[in-house]
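This is what each chain is made of:
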Amino acid sequence: MAQIDMRNVQKFFGANQVLKDLDLTIEDGEFVVMLGQSGGGKTTALRAIAGLETVTSGQILIDGVEMQHKKAADRDIAFVFQSFSLYPHMTVRENISFPLRAVRMGAADREKAVTEVAEVLQITEHLDSKPSALSGGDMQRVAIGRALVRRPKALLMDEPLGVLDAKLREQMRAEIKRLHIARGSTSVYVTHDQVEAMSLADRIVILHDGVLQQVGAPEEVYLHPTNAFVAKFVGSPVMNIHEAQFSGVNGHSSVHIGGAETGFHFPEQLINHVRNTGQAVSLGVRPEAVLLSHEQREGYFLAQTSNIEPLGSHDIVDVLVGETVLRARTESGYVAREGQQVFVNIDPAQAHFFDGASGLNLRGAN
Amino acid sequence: MAGVQTTAEKWTNRTAIAAVFVALIIMLTPIYWIAATAFKPRNLATTIPPTVVYEPTVAPFVKLFTKRSQLREQPTQEEYDTAPWWEKMVYDGGEKVVRNRKSGEVRSSGYGDRFKNSLIVSVISTILAVGMGTLTAYGFSRFKVAGEDDWLFFILSTRMLPPVVVAIPMFLMYRVVGLNDTHMGLIILYTAFNLSFAVWIMKGFIDEIPREYEEAALVDGYTRIQAFFKVVLPEALTGMAATAVFCFITAWNEYAFALIMTNRNAQTAPPYIPSQVGSGLPDWTVIAAGTFLFLIPVAIFTFLLRNHLLRGMSFGAIRK
Numbered sequence: 001m002a003q004i005d006m007r008n009v010q011k012f013f014g015a016n017q018v019l020k021d022l023d024l025t026i027e028d029g030e031f032v033v034m035l036g037q038s039g040g041g042k043t044t045a046l047r048a049i050a051g052l053e054t055v056t057s058g059q060i061l062i063d064g065v066e067m068q069h070k071k072a073a074d075r076d077i078a079f080v081f082q083s084f085s086l087y088p089h090m091t092v093r094e095n096i097s098f099p100l101r102a103v104r105m106g107a108a109d110r111e112k113a114v115t116e117v118a119e120v121l122q123i124t125e126h127l128d129s130k131p132s133a134l135s136g137g138d139m140q141r142v143a144i145g146r147a148l149v150r151r152p153k154a155l156l157m158d159e160p161l162g163v164l165d166a167k168l169r170e171q172m173r174a175e176i177k178r179l180h181i182a183r184g185s186t187s188v189y190v191t192h193d194q195v196e197a198m199s200l201a202d203r204i205v206i207l208h209d210g211v212l213q214q215v216g217a218p219e220e221v222y223l224h225p226t227n228a229f230v231a232k233f234v235g236s237p238v239m240n241i242h243e244a245q246f247s248g249v250n251g252h253s254s255v256h257i258g259g260a261e262t263g264f265h266f267p268e269q270l271i272n273h274v275r276n277t278g279q280a281v282s283l284g285v286r287p288e289a290v291l292l293s294h295e296q297r298e299g300y301f302l303a304q305t306s307n308i309e310p311l312g313s314h315d316i317v318d319v320l321v322g323e324t325v326l327r328a329r330t331e332s333g334y335v336a337r338e339g340q341q342v343f344v345n346i347d348p349a350q351a352h353f354f355d356g357a358s359g360l361n362l363r364g365a366n
Numbered sequence: 001m002a003g004v005q006t007t008a009e010k011w012t013n014r015t016a017i018a019a020v021f022v023a024l025i026i027m028l029t030p031i032y033w034i035a036a037t038a039f040k041p042r043n044l045a046t047t048i049p050p051t052v053v054y055e056p057t058v059a060p061f062v063k064l065f066t067k068r069s070q071l072r073e074q075p076t077q078e079e080y081d082t083a084p085w086w087e088k089m090v091y092d093g094g095e096k097v098v099r100n101r102k103s104g105e106v107r108s109s110g111y112g113d114r115f116k117n118s119l120i121v122s123v124i125s126t127i128l129a130v131g132m133g134t135l136t137a138y139g140f141s142r143f144k145v146a147g148e149d150d151w152l153f154f155i156l157s158t159r160m161l162p163p164v165v166v167a168i169p170m171f172l173m174y175r176v177v178g179l180n181d182t183h184m185g186l187i188i189l190y191t192a193f194n195l196s197f198a199v200w201i202m203k204g205f206i207d208e209i210p211r212e213y214e215e216a217a218l219v220d221g222y223t224r225i226q227a228f229f230k231v232v233l234p235e236a237l238t239g240m241a242a243t244a245v246f247c248f249i250t251a252w253n254e255y256a257f258a259l260i261m262t263n264r265n266a267q268t269a270p271p272y273i274p275s276q277v278g279s280g281l282p283d284w285t286v287i288a289a290g291t292f293l294f295l296i297p298v299a300i301f302t303f304l305l306r307n308h309l310l311r312g313m314s315f316g317a318i319r320k
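Note that the protein sequences, when read in sequence, are chains A and B. Residue 333 in this note's numbering sits at position 333 of the first sequence, and the numbers go up by one each step. Residue 81 in this note's numbering sits at position 81 of the second sequence, and the numbers go up by one each step.
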């Protein structure tokens with residue numbers, strides 16, 4: 001098991017810079033998920049750690065040793081591909097023992113290691129089949145088995161569940177987590193699925209356009225996004241972000257969105273630092289912080305609902321505020337039908353303000 | 001394809017099957033003709049209308065492998081009676097077997113050696129072309145090669161003119177370096193000729209093999225060469241088999257260069273077989289026998305590799 005250090009890593013593909021000054025330390029035994037859109041640089045970063053991609057500049061250290069010029073074979077790292085990449089001409093047993101044959105391990109030890117891994121992953125019965133005879137989930141188990149069998153310093157996974165169907169994905173997600181807890185291996189996992197990231201990660205690393213946006217525990221990233229990109233990318237449904245105007249003075253300050261005449265009341269101390277910057281500011285609020293009520297309450301105002309998505313455990317209700325739509329999360333059936341009038345408010349404590357130009361979260365101090 | 005078939009579809013199917021039958025008959029008739037003629041007595045070979053029912057004989061094959069001359073005088077009864085069965089066949093055809101004057105051994109025709117030459121030249125040039133072609137194709141497929149498209153076009157352009165065009169310059173050059181009438185000379189020629197084809201076909205097959213296979217092997221502790229032999233090559237075997245069949249057939253059937261570049265030591269069967277037409281009246285049964293034997297290696301080779309030819313590439317356990 002090992003610690004992985006990336007220092008000022010830059011990567012160009014021709015004139016196109018895909019990694020910009022990446023600095024990241026992955027602690028021993030940690031499960032780090034790299035999250036981002038496709039083309040965000042997360043797979044390139046992972047391949048750079050594995051040695052499948054050279055870096056243009058910067059250092060990659062594994063356990064304090066510089067690795068950026070070493071071959072993939074010399075880094076003692078395992079990689080699980082999205083495509084599984086099982087060798088079709090070998091049986092499952094041969095596939096799993098393939099890395100062991102590279103280090104010329106004896107046949108008896110090899111067999112022992114393969115059996116052990118197969119038992120952990122519950123694929124013992126498939127050991128003599130060809131990969132093409134397996135289901136998608138079993139193929140991925142074999143791929144993970146091949147990665148784990150030689151006890152590598154770190155386990156890198158590139159969207160390993162990307163091609164599985166939703167149900168299997170959930171099941172394999174739980175299995176990967178269980179395996180990580182049991183083995184304690186340093187793991188780096190790349191995905192564009194924020195649910196996967198939230199449920200698996202010790203820490204989430206969010207990359208966008210090759211730039212590291214935020215590193216933090218899942219709840220930290222969720223509750224305190226450093227900028228609008230992170231705020232929008234993490235969480236489902238997406239955070240409501242709308243340009244905000246401010247009105248009122250001395251204790252009766254309001255924040256307006258969508259050009260609506262009525263605004264949401266905010267305590268002065270929450271907006272003091274943002275209202276007088278002279279720049280465009282956006283209000284960000286997650287659907288669960290949008291509060292709906294059938295009765296008139298302090299600070300609530302009347303608005304019309306437009307669209308309801310019933311999701312079983314809860315509903316997502318679109319509320320028209322001015323010319324924009326706020327998505328609210330309610331208990332199921334709270335709004336009976338589309339077009340119904342409800343009173344709406346937001347929870348100021350859960351609101352974020354983002355700089356209109358840079359997207360940075362202006363709450364900072366909180 | 002299971003499922004509901006309309007009447008129209010049924011008739012489409014039947015028409016298609018009928019068309020296949022017609023095509024088969026057209027393609028197989030010459031082969032039947034050669035096989036039939038190879039076993040005919042000489043006097044029935046050129047009858048009009050063709051003789052379909054006859055008593056098969058191996059006389060053409062006996063004649064094919066022995067050196068013969070025209071009978072000036074009939075053999076004596078004793079000579080005829082003591083002769084082995086195959087020599088009688090030659091006597092019956094109005095010829096006699098040529099023997100070595102001192103040892104009395106039967107002298108063989110050149111066919112056996114020509115056949116062996118064909119095998120040597122075709123097998124070695126096929127192995128070389130497929131081997132070098134696969135390596136080149138792998139390079140083009142996996143690495144950034146400066147001017148890749150131009151190189152590939154250049155490689156293909158060597159096939160754009162008929163090879164016979166360069167036969168005379170090649171012959172002159174070969175004579176200078178002493179390569180004419182040698183196995184090596186023909187092997188180099190056929191390898192060069194098949195290489196461009198092998199590169200193009202193999203590049204197609206190797207492009208189909210996902211890079212992740214090698215990358216998985218690379219992170220698993222193998223060098224690129226090891227990854228190539230352990231992972232890429234087994235996946236490319238199907239393509240290599242298909243390429244080998246085509247290269248082998250091309251080299252095996254090549255006529256023009258073999259005719260110009262060789263005459264004795266390294267001559268292959270294709271220029272030899274028709275040369276038999278020239279001595280006396282053509283004995284079509286001998287020519288047919290030579291051709292018939294000549295078909296067999298290709299048929300066997302193709303038959304052995306048929307699974308690879310049919311299997312296709314969609315066998316992998318990779319998901320896209």
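These aren't lab readings, by the way, just hints derived from the structure by calculation. It is possible that part of the hints are untrue.
DMTMM-like mimics (lysine to aspartate or glutamate), calculated; alpha carbons at most 20 Å apart, straight line [claimed, not checked]: (1) B:Lys-144 / A:Glu-53; (2) B:Lys-230 / A:Glu-94; (3) A:Lys-130 / B:Glu-212.
Do the alpha carbons of Lys-130 of chain A and Glu-212 of chain B lie within 20 Å of each other, as the hint requires?
-> holds, 18 Å
Sort out whether Glu-53 of chain A lies within 20 Å of Lys-144 of chain B, counting only the CA atoms.
-> holds, 14 Å
Keeping to a limit of 20 Å between CA atoms, is the pair of Lys-230 of chain B and Glu-94 of chain A held or broken?
-> holds, 12 Å
Hint violations for this structure: none, all hints satisfied.
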